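Novice: Residues per chain are reported as follows:
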Amino acid sequence: MLEITNLHASIEDDGTEILKGINLSVAAGEVHAIMGPNGSGKSTLASVLAGRGGYDITQGSVSFQGEDLLDMDPDVRAREGLFLAFQYPVELPGVNMATFLRHAVNSIREHRGQDELSAVDFLKLMKEKAAFVNLDPSLRSRAVNEGFSGGEKKRNEIFQLAMLEPKLAVLDETDSGLDIDALRVVSDGVNQLRAADRSFVVITHYQRLLEYIVPDHVHVLMGGRIVKSGGAELAHKLEEHGYDWIKDEAVVA
Amino acid sequence: MSERQTIESRLLETWESRAGSAMNGRLHDGRELAMARFREAGIPAKSEAWKYTPIRRILERMPLLSLGAAAEGDTLSAADVAAFAIDGLDAFRVVLVNGRFRADLSDLAGLPAGVRILDLRNAASDPAVVEHLDGTGQEARDAFAELNSAFVQDGMVVVVDAGIVLERPVFIQHVLTAGSPALIQPRLLGVFGKDSQARIVEVCRTIGQDHVLTNAMSEFHTATGAVIDHVRVIDEHKDAVHINSLRSYQEGGSTFSTNVITVSAGVVRNQSYFLPDGENCETHLSGFYLGQNGAHIDNHTLVDHAKPECYSNELFKGILSNKAIGVFNGKVLVRQDAQKINAYQSNKSVILDDTARMYSKPELEIYADDVRCSHGATTGELDQEAMFYLQTRGIRKDDARLILLEAFAADVLDRIRLDAVRDHVDALIRRRLSQN
Ligand SMILES: Nc1ncnc2c1ncn2[C@@H]1O[C@H](COP(=O)(O)OP(=O)(O)OP(=O)(O)O)[C@@H](O)[C@H]1O
Ligand SMILES: [Mg+2]
Chain G
1 MLEITNLHAS IEDDGTEILK GINLSVAAGE VHAIMGPNGS GKSTLASVLA GRGGYDITQG
61 SVSFQGEDLL DMDPDVRARE GLFLAFQYPV ELPGVNMATF LRHAVNSIRE HRGQDELSAV
121 DFLKLMKEKA AFVNLDPSLR SRAVNEGFSG GEKKRNEIFQ LAMLEPKLAV LDETDSGLDI
181 DALRVVSDGV NQLRAADRSF VVITHYQRLL EYIVPDHVHV LMGGRIVKSG GAELAHKLEE
241 HGYDWIKDEA VVA
Chain H
254 MSERQTIESR LLETWESRAG SAMNGRLHDG RELAMARFRE AGIPAKSEAW KYTPIRRILE
314 RMPLLSLGAA AEGDTLSAAD VAAFAIDGLD AFRVVLVNGR FRADLSDLAG LPAGVRILDL
374 RNAASDPAVV EHLDGTGQEA RDAFAELNSA FVQDGMVVVV DAGIVLERPV FIQHVLTAGS
434 PALIQPRLLG VFGKDSQARI VEVCRTIGQD HVLTNAMSEF HTATGAVIDH VRVIDEHKDA
494 VHINSLRSYQ EGGSTFSTNV ITVSAGVVRN QSYFLPDGEN CETHLSGFYL GQNGAHIDNH
554 TLVDHAKPEC YSNELFKGIL SNKAIGVFNG KVLVRQDAQK INAYQSNKSV ILDDTARMYS
614 KPELEIYADD VRCSHGATTG ELDQEAMFYL QTRGIRKDDA RLILLEAFAA DVLDRIRLDA
674 VRDHVDALIR RRLSQN
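Chains as they are written, first to last, in my numbering: chain G, 1 to 253; chain H, 254 to 689.
Hint data in this document are derived by calculation from the structure and do not stem from the laboratory. Treat the hints with care, as some may be off.
[Stated by the list, open to error] Here are some of the chain G residues that sit facing chain H, going by a computed Cβ distance under 8 Å:
| hint | residue |
| --- | --- |
| 1 | ALA50 |
| 2 | ASP73 |
| 3 | SER107 |
| 4 | ARG194 |
Remember, predicted model here, so these are calculated numbers, not experimental data. Cβ atoms here follow ideal geometry from the backbone N, Cα and C, with glycine treated the same way.
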């Protein structure tokens, strides 16, 4: 599904290297968790995968379903089946949720060779998927994310994920800002979307989320590198001991 | 003799040669006075009010313009102007070709009693014209207003008597033939009686591509309790220069709204003066400008709050790209006795590339102490973070751009309350944005 090989990325403006040789392989149907201290490069990795501007890829490659991901524009990546749930979802004043999602759903459907959804079918789909993450119906008629609470924004990301049915979803700290009930709802949503042909990369600071969304693999990202990988139990160890022990290990290695 | 005549002396010569055919009575005196004032003022060369729109240079670059060229539109048929209709707009229709009232192309069937729509040429002695033509905004007169008054002849008059609610809007189609260099000076007078209601929609379009200078002037007199809604859409070609002076006079307790949508390819200057001359007036003034490919669009407004307890709300927004220039100069003046004024003003522009420019100057001048006023201006690029967000949802870059620009324009276009006009303007703007 996703094959990241020796990926180096720097900030375009000043050349500061943030990602310093990432290797990661995600097979179809797998859930990978990425953990790591603040500023270690987790969101940068997600941004580079989604195609955000402002970064130079200085080395390495990313293949997605066998194709060169880095060669595609962000919208093409999305139509090919990549989805990023933003750590900080963007407010779009004046852009109505339905207009926004209709454009999104239909451009992805067109790419997949499917017909445009009729207005009626689209609204039905919206209603169904909103119920799925308990998104307040009134939010569906508002401007995208504008004035949404922190938790509502995160729910809205998962709602969009459910609408767009990607092949690979990268969730960047979707759990932060969610209360325990919301966390359960969002996790349930993600779990229902798990499928043999759909993979997830879940970025989080908290073991809590991984109680609900049980990962196949856990990776620790520090200083722009994946310094440790393991199974679900690694998350427990990080929760208990923090990252210092890995730092020491990494220095020794 | 090869020495070039000045614009003023050329205009004066033309004016003198036509003085004999001028209209009679008061209008004639008014024209003498206006010409004298025009000569005194002259076309501005260096002036604060025209700082970013060097009008003298712009006019000097134009070829010799003929007043007589207006006649070339006299043979235009209904089929020639059919393309300029607005789908779904059920309205009384007036067609002005090169400023001239064309009764044969207009449709005023069913005009209710108490409403008069007249050719200005035949209306010189109409009481509304006698009382109100050149009746407002003497304070804000400038060379172009004087020039229009000096030549005043063509145009139209709308009179809505007291208490009449005109359900169907009045749709005024301004058509310029632009087949040869022309100077067109249409005049519009609207006189709205006590507690009357009316909606006026103007659309300015051109057929040919030759140089045309429009020096238009509109006067609106809105009596107590009247509610008037005005929209003007200016969509002209590259070699059209359009100066449009609007004077709005309101009696107490009236509401006047105007929205000017400019999508021209040439030069446009909308200069508007608002005088809410009584308590409890509401004045809504707004505009949208889409400047592309070297267009130059200048919106100049003055709201003169001389009386207390009034409300004014001003919103101008625009999108500029490819060497276009936008200018906004909005002044709100709150005089000493005008207590308890609520006045809001905002100008926002999006610049799509670094060849376009916006000059924005919002001004508040307040002499009263118990008022609530705010003003602000922002000019920026399209939000890159928002663009990225839309793209990560599979939306193509061009579509994402259009979605964001339409969202940006939405609140000012929402002020157009006639659905058919709103749809027409939406489609027009979408078409232009997608071409770029
Ligand atoms: N576009 C940018 N411009 C400047 N600095 C950047 C940019 N992108 C990332 N950085 C820097 O790179 C480092 C990694 O940032 P990143 O957001 O990827 O961290 P993170 O692991 O997601 O942290 P957190 O857990 O706080 O979300 C930080 O020092 C950040 O300031
Ligand atoms: Mg982050």
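Novice: A separate judgement is required for each hint: does it hold in the structure or not?
Specialist: Hint check results:
Against a cut-off of 8 Å between C-beta atoms, the interface hint on ALA50/G holds, since the closest Cβ of chain H lies about 5 Å away. With its C-beta approaching chain H no nearer than about 7 Å, ASP73/G sits inside the 8 Å limit, and its interface hint holds. With a least beta-carbon distance of about 5 Å to chain H, the hint placing SER107/G at the interface is held under the 8 Å criterion. Taking 8 Å as the C-beta cut-off, the interface hint given for ARG194/G is violated, the closest approach to chain H being about 21 Å.
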